[in-house]
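Protein chains in written order, with the numbering used here: chain A, 1 to 226; chain B, 1 to 534.
Quick caveat, the hints were computed from the structure, so don't treat them as lab data.
Glycine included, every Cβ here is placed at the ideal spot set by N, Cα and C.
Don't take every hint at face value.
[Unchecked claim] Pulled from the structure, derived: some chain B residues nowhere near chain A, Cβ distances all over 10 angstroms:
#1 V8
#2 K24
#3 K46
#4 G72
#5 R91
#6 L268
#7 R295
#8 R415
#9 E468
[What the hints assert, rightly or not] Simulated coverage check for chain A against chain B, where a stretch passes if three residues somewhere in it have a Cβ under 8 angstroms from a Cβ of chain B:
#10 59-72
#11 95-103
#12 115-125
#13 134-143
#14 186-198
[What the hints assert, rightly or not] Per the computed footprint, the stretches of chain B lying under chain A, defined by three or more beta-carbons under 8 angstroms from a beta-carbon of chain A, are:
#15 52-62
#16 176-183
#17 249-258
#18 373-383
#19 387-399
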Amino acid sequence: MTVDRRFVLKSMVLGGAAGVVLSRSMPLLAGVTPSHSGIRPALALVGGGAAEAAFLQGARAAAGTRLRVQQPDRGLGFMLDFEHRLRAGRPMRVIGLLDDAAATLVLDLARSAGARIHWLGQHTGEAGSTRHRLLNTDLAEGCARQLSRHLHACGAGFTLDEERQGSAAPARQLAGPARNGAGSAQWAAGVGYLLATLGTRPTMMPRVSVQGTLPSGSFVSFSIEV
Amino acid sequence: MSEQMNGVLPRGVTQKKFNAAVEKFRALLGEGNVLLKAEQLIPYNKIMMSVENAAHAPSAVLTATTVEQVQGIVKICNQYRIPIWTISTGRNFGYGTAAPVQRGQVILDLKKMNRIIKIDPDMCTALVEPGVTFQQLYDYIEENKLPLMLSFSAPSAIAGPLGNTMDRGVGYTPYGEHFMMQCGMEVVLANGDIYRTGMGGVKGSNTWQIFKWGYGPTLDGLFTQANYGITTKMGFWLMPRPPAYKPFEVIFENEADIVEIVDILRPLRIAQIIPNAVVIANILWEAGSAHLRRRDYIAEPGHTPDLILEKMQKDSGMGAWNLYAALYGTQEQVDVNWKIVTDAFRKHGKGRIVTQEEAGDKQPFKYRAELMSGVPNLQEFGLYNWRGGGGSMWFAPVSEARGSECKKQALLAKRILHKYGLDYVAEFIVGPRDMHHVIDVLYDRTSEEETRRADACFSELLDEFEKEGYAVYRVNTRFQERVARSYGPVKRDVEHAIKRALDPNNILAPGRSGIDLDTYETRRSAKSTSSDES
């Protein structure tokens, strides 16, 4: 089996699984019609946890079923497949939310493949609040403010630092207090939505139905283009 | 073409001069090899150090494909005083990633110079370009069924021999001291000349990858961890694949056992009974490599208490210290040495020996066995999930291979890390006489407070180790100037005298290992003025 074929099959299986999760939350997303102009169909790389599922819900709210999904494993095989894919010469946009280990590898392989990265986010959730550190380009103008409004509306406490690549300006710092004790993975849904709509006319971020409490842990979000 | 306006410029370079240099770079390399857009630069600016990304932001990235282009680049850099930071594969992770040492430096990425120029299976030598990865070499060796074995660092597949050797990195096979196995470099000097070390300057020589020393002064070391030239080719020796290979682990239950482990091991290493670069990993290095996560054991911030570590040991079967080594040779040689090794450890009566047959596919044994036999894997990246948050700085002091010294270093490091609420995640990589005591200072970069703490912790580690006469062999770019001071003023004077002679315009990676004509000269003259006045 060729590398590409393996890649597509894995994506189909995961994409199907994620679609089930999404369909349960669709009523809340009714009426959301984000602009897709200029955005190529995206592949989403996500881990298997609650935050990643929420990320996917947010991303699918914007990109719909065109979004293919793949869950990287930790082996060398996946990374070599992914690198091959990046170097295949076909335009591709990949968004994702991964753990630190997988993201370190994915992003480094993207660099070697000559990819462009408009958004690189480091996120931590713990003790009812979240912390976000973003490094991005002008294409993400307005995203940090939008995310902070979203986090504020969700009621979770947060801090958000945004560095703009190549800017002489200091990092932008935003923060909000916790307004209720029930944090959730809404932040990840928000990031997923923003990444899926990156470069389009900003629209109101939808709230998706995210079950459970705030998942603790550390995550990396990204948008890669080749 | 519209005028380029950059928020980031090289130190002392105006926008006008920068734009003029960029036009020359474009003419030399083509538009696609001169990267200026923010989205092209972000991939080079993902750092793991305890400062903002902005402190290490590049102003541009160049990619070259030929030695002639590298010569052309240094010519332009001299003309416009553009500082360049060269990377080969850029997989230096805890030592600074691909980002430049100083904000604004132009990165020269040699990833496209990735030819395996020659592998000689009879002489067991290789000659490669900077962009060649270990995976590429591994595939070549496998496809051509060559009876050779690679030695590489833990990022293995995605890293490369040239960059790792130039940074004096190590691997885990008998050829694990990579600079020792290097044989012949081609270096583009700051004036554009091409210098070949060893036998490489002799016209028609076929011994460039055979005999290291050549004639007269041997200068290869001058180009490692330095900024005197751009290495465009490197030769190195490959180990013949042995007919028999026996990896093993010895598990020790108590932290205090480190003294006896090292003292038993040293004579076996010096006598080459155990020929490879042995690893002694502590429980947290093991846990991270096995993809365990701290939050699965404890939710409280701060360092992980010993009680939890003991529970982890009990649950996982990992030791407080876990020694990995291997025997190589014919079956007869391996059998003889196995008896010597097992007798030595059994006499001690504490370690539990685990063979490959007993371990099966269990991690971390599996990836360690692969690394010691030249099979690439990415398992050790799991360390980044132990605490999470994207912060990682490798603190790597050198120690004597003497038990009491290793214990002293381990206790000192642990005390300082715990004071700052961070974990002691460590391994010793054992040379015959020395130990690289590698500590991964892991922290959460999303927390400004924890980032400041990690920064202060790293500084204190450097300070306190220096008071005891210890210094690191390698460090991330944030602390390179600081570490250079540990090695004394005369060494620094000599290094800067060489820099003045070879690179008077200070264009090659100023700041690398603390060598920077601009800042060093300024500091020296300020110091000299102040002592004249007093």
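Quick rundown of the hints versus the structure:
1. V8: B/V8 is in fact no farther than 10 angstroms from some Cβ atom of chain A, at 5 angstroms.
2. K24: 21 angstroms, holds
3. K46: 6 angstroms, violated
4. G72: Since the minimum Cβ distance to chain A is about 21 angstroms, B/G72 lies beyond 10 angstroms and the statement holds.
5. R91: 7 angstroms, violated
6. L268: 31 angstroms, holds
7. R295: 6 angstroms, violated
8. R415: Since the minimum Cβ distance to chain A is about 26 angstroms, B/R415 lies beyond 10 angstroms and the statement holds.
9. E468: 32 angstroms, holds
10. 59-72: Coverage by chain B is violated here, the residue count being 0 at a Cβ distance below 8 angstroms.
11. 95-103: holds (count 4)
12. 115-125: holds (count 8)
13. 134-143: Contact hint for the segment 134-143 of chain A vs chain B: holds, 5 residues under 8 angstroms.
14. 186-198: Coverage by chain B is violated for the segment 186-198 of chain A (0 residues, Cβ < 8 angstroms).
15. 52-62: Holds, because 4 residues of the segment 52-62 of chain B bring their Cβ atoms closer than 8 angstroms to Cβ atoms of chain A.
16. 176-183: This one is violated; 0 residues, fewer than the three required, reach chain A with a Cβ under 8 angstroms.
17. 249-258: violated (count 0)
18. 373-383: holds (count 7)
19. 387-399: With 4 residues close enough to chain A, the hint holds.
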